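Engineer: Residue-level listing of the chains:
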Amino acid sequence: MSRAAAIFSGPLGCILPAFLLLAWSGFFLTAEDQTSILLSLLSLAGFLLAAVRLGWVNILREAIAVQERLWDACLITIMLALMILFREDHYNLFLLGTIMAYATAVLGLNVQLGYAGVLNFSCASFFGVGGYTAALLLSGTDLPPLLALPLGGAVAALTGCVLLLPVLRTSGHYAALVTMAFALLFRVFLDVSEWFGGPQGIPVAPLTIAGLDFSQGILWGDAEFSFYLKYDLLLLLVLCLAYSITRRLERSWIGLALDAVRSDEVASACFGIHIRRWKITAFTLGNFLSGLAGALYAMMLAYISPANFTFADSLLFLSILLLGGIGNIQGVLVATVLVVIVPEKFQVIQEYRYLIYSALVLLMIVFRPVGLLPRKPRAYTGSPA
Amino acid sequence: MNPLLICTGLTMRFGGLTALDNLYLEAREGEVLGLVGPNGSGKTTLFNVLTGIYRPSAGKITFAGENITSGTPQEIHRRGIARTFQRSRLCLDLSVFDNIMIGNHTALRLDFFHNILRRRAFCRDYELWRDKAAEMLRALNPSLVSRMFRPVGDLSMIDRRRVENSRALVRRPRHPRLHDPSAGMTHDETRQLMDEITASRMGGDRLTVILIEHEMEVIRRSTSHCVVLNFGRKLCEGDYAGVVADPRVQEAYLGKELE
Ligand SMILES: Nc1ncnc2c1ncn2[C@@H]1O[C@H](COP(=O)(O)OP(=O)(O)O)[C@@H](O)[C@H]1O
Ligand SMILES: [Mg+2]
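Protein chains in written order, with my numbering: chain S, 3 to 387; chain D, 2 to 260.
The set of hints was computed from the structure by calculation and includes no laboratory data. Note that this is a predicted model, so its numbers are computed, not measured. Don't take each hint at face value.
Partial selection, computed: residues in chain D whose CB lies under 8 Å from chain S [claimed, not checked]: (1) I54; (2) R56; (3) R79; (4) L95; (5) S96; (6) I103; (7) H106; (8) T107; (9) A122; (10) Y254.
We put the CB at the ideal spot given by N, CA and C, even for glycine.
Start from the sequences and build out the full structure, keeping to the hints where you can.
Structural biologist: Next up, the structure:
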């Protein structure tokens with residue numbers, strides 16, 4: 003091992019990349035004019051290409067693998083630092099919140115498609131089920147608002163069960179068809195339903211926890227921090243939980259059973275693995291995460307309408323997973339950040355975003371089907387064996 | 002000794018094609034039963050029916066005195082029947098250890114509490130199985146131990162077969178270990194693998210094995226009793242010498258001589 007490699011396999015191997023990441027995102031998110039945005043995107047792309055060519059990515063992955071806790075801490079620190087940096091900036095805090103809500107939903111999708119191989123074309127609909135559940139619970143009942151989060155997840159999970167159970171006995175792509183139909187019908191259903199506010203949508207009451215109103219800014223001396231900061235902190239907590247659960251799931255006998263079901267149903271059955279049981283487990287857990295994220299996201303938005311949860315959004319979630327590397331949760335994080343912030347900041351492509359995503363996904367499938375960060379063989383105890 | 006496995010009148014039709022035709026077959030406890038027959042004679046289909054992948058069109062399968070005819074693959078596995086596949090159905094992108102643990106599924110603790118929340122206990126549990134798998138692999142090919150966490154897709158054909166064998170053996174099945182190996186190996190490799198299979202039987206409990214093999218030499222060395230299938234029917238049975246000497250068997254393999 004060269005000296006440089008030896009240095010970067012230690013703590014510095016995590017801290018330095020994390021610092022660069024923070025510096026870049028801080029700059030990118032504050033950049034105003036389109037040229038500096040374009041330049042920072044190009045420099046990122048150039049840097050990443052160089053990093054891949056020079057093997058830096060592998061050094062980083064090694065460093066992360068042996069110092070997982072340190073890397074986790076680095077990522078959380080980056081998010082917290084960005085929140086502090088943008089404490090009064092509604093727009094950027096909202097973007098960060100969106101990233102974290104989407105990432106949580108895609109982690110759910112990853113359990114379904116990445117592990118168990120259950121194709122779900124209606125991830126955004128389950129996200130929406132969570133959101134609408136929260137909206138109705140907060141306006142129509144006296145339940146503690148915090149309960150709306152797990153209930154949003156639970157209703158999404160239950161809806162998923164009702165959809166999937168009838169087609170579990172069949173083999174083939176019925177799950178894909180059923181979820182596709184659900185994604186399309188969900189939109190229509192919301193549009194015509196008065197109870198759900200029709201096409202205009204409905205307001206969502208803000209979250210309050212023990213008297214703390216999430217729609218109020220935080221007063222700090224003379225300054226007033228954006229109310230989004232509260233949502234971001236809670237979303238960060240939710241994302242950390244979802245991330246930790248999916249990671250532990252992958253590194254367990256359950257994760258193994260899900261992988262077995264995905265790769266070979268017949269062989270799995272011959273070793274006593276109950277295919278339907280694991281498929282429904284993965285689908286339910288995934289939808290719970292999507293619904294939970296959707297409930298919190300809806301509260302942050304304060305107003306939701308059917309246009310937030312379309313089939314196109316479901317495809318967006320799927321493309322995040324494909325881009326990041328199916329089955330790799332680190333890839334999910336990277337891809338969510340890119341897919342959410344790039345079109346948001348780089349207005350020129352805003353209009354063509356779906357076109358660009360489709361092109362990217364196609365290119366990915368042709369040239370790098372494993373995604374940006376391909377999944378590695380399972381390491382049950384975390385550190386590579 | 003009583004037969005452990007008995008099939009009576011076993012018939013499997015695919016549309017108009019009869020892959021198994023009123024088959025009677027028994028496997029005695031502790032024997033290695035050789036199953037031979039030309040291509041398409043129904044050997045693999047028999048395995049698929051025995052393991053519950055296909056539901057037979059007619060007939061009955063009794064295992065250890067119990068009727069298992071319309072059991073699901075999972076139920077049949079639970080009774081102690083494990084198998085390998087003709088085209089080794091390993092999960093190529095999963096590691097060697099993962100593949101072996103798939104065979105161990107029914108012995109693993111699968112509750113969320115143990116797997117997600119009590120990680121310390123889980124890790125101890127994992128380390129036990131890891132050592133057990135390493136021990137199995139060491140007996141087959143020591144170099145496999147260091148590659149235990151590499152994808153199976155990186156291995157040579159014979160090592161894949163070894164992994165598949167370990168997957169079928171890890172649960173210490175009570176019986177018929179069904180083997181359908183052959184494809185993709187040289188003669189020497191096949192012979193070596195068969196020796197490993199027979200050797201694995203010597204370890205204490207005498208497993209019953211049903212072996213499908215095209216190499217007659219392997220059948221001669223490894224099996225105590227042979228059944229010859231042709232067009233889904235039993236052509237004849239007996240010891241190796243008796244079976245190869247049978248003119249009907251020669252005819253089935255070589256075709257009828259022109260008169
Ligand atoms: N799933 C199936 N559908 C239709 N025909 C099948 C199926 N499986 C096997 N067969 C037919 O059954 C016959 C026996 O095949 P098989 O059991 O694979 O033979 P063997 O293993 O002895 O070479 C063949 O004619 C084959 O084409
Ligand atoms: Mg065959």
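Engineer: The structure should be examined with respect to each hint, and the outcome stated for every one.
Structural biologist: Right, here's what the structure says about each hint:
1. I54: holds (6 Å)
2. R56: violated (13 Å)
3. R79: holds (6 Å)
4. L95: holds (6 Å)
5. S96: holds (4 Å)
6. I103: Holds, about 5 Å.
7. H106: holds (5 Å)
8. T107: For T107/D, the interface hint holds, since the closest Cβ of chain S sits about 4 Å away, which is under 8 Å.
9. A122: violated (11 Å)
10. Y254: violated (30 Å)
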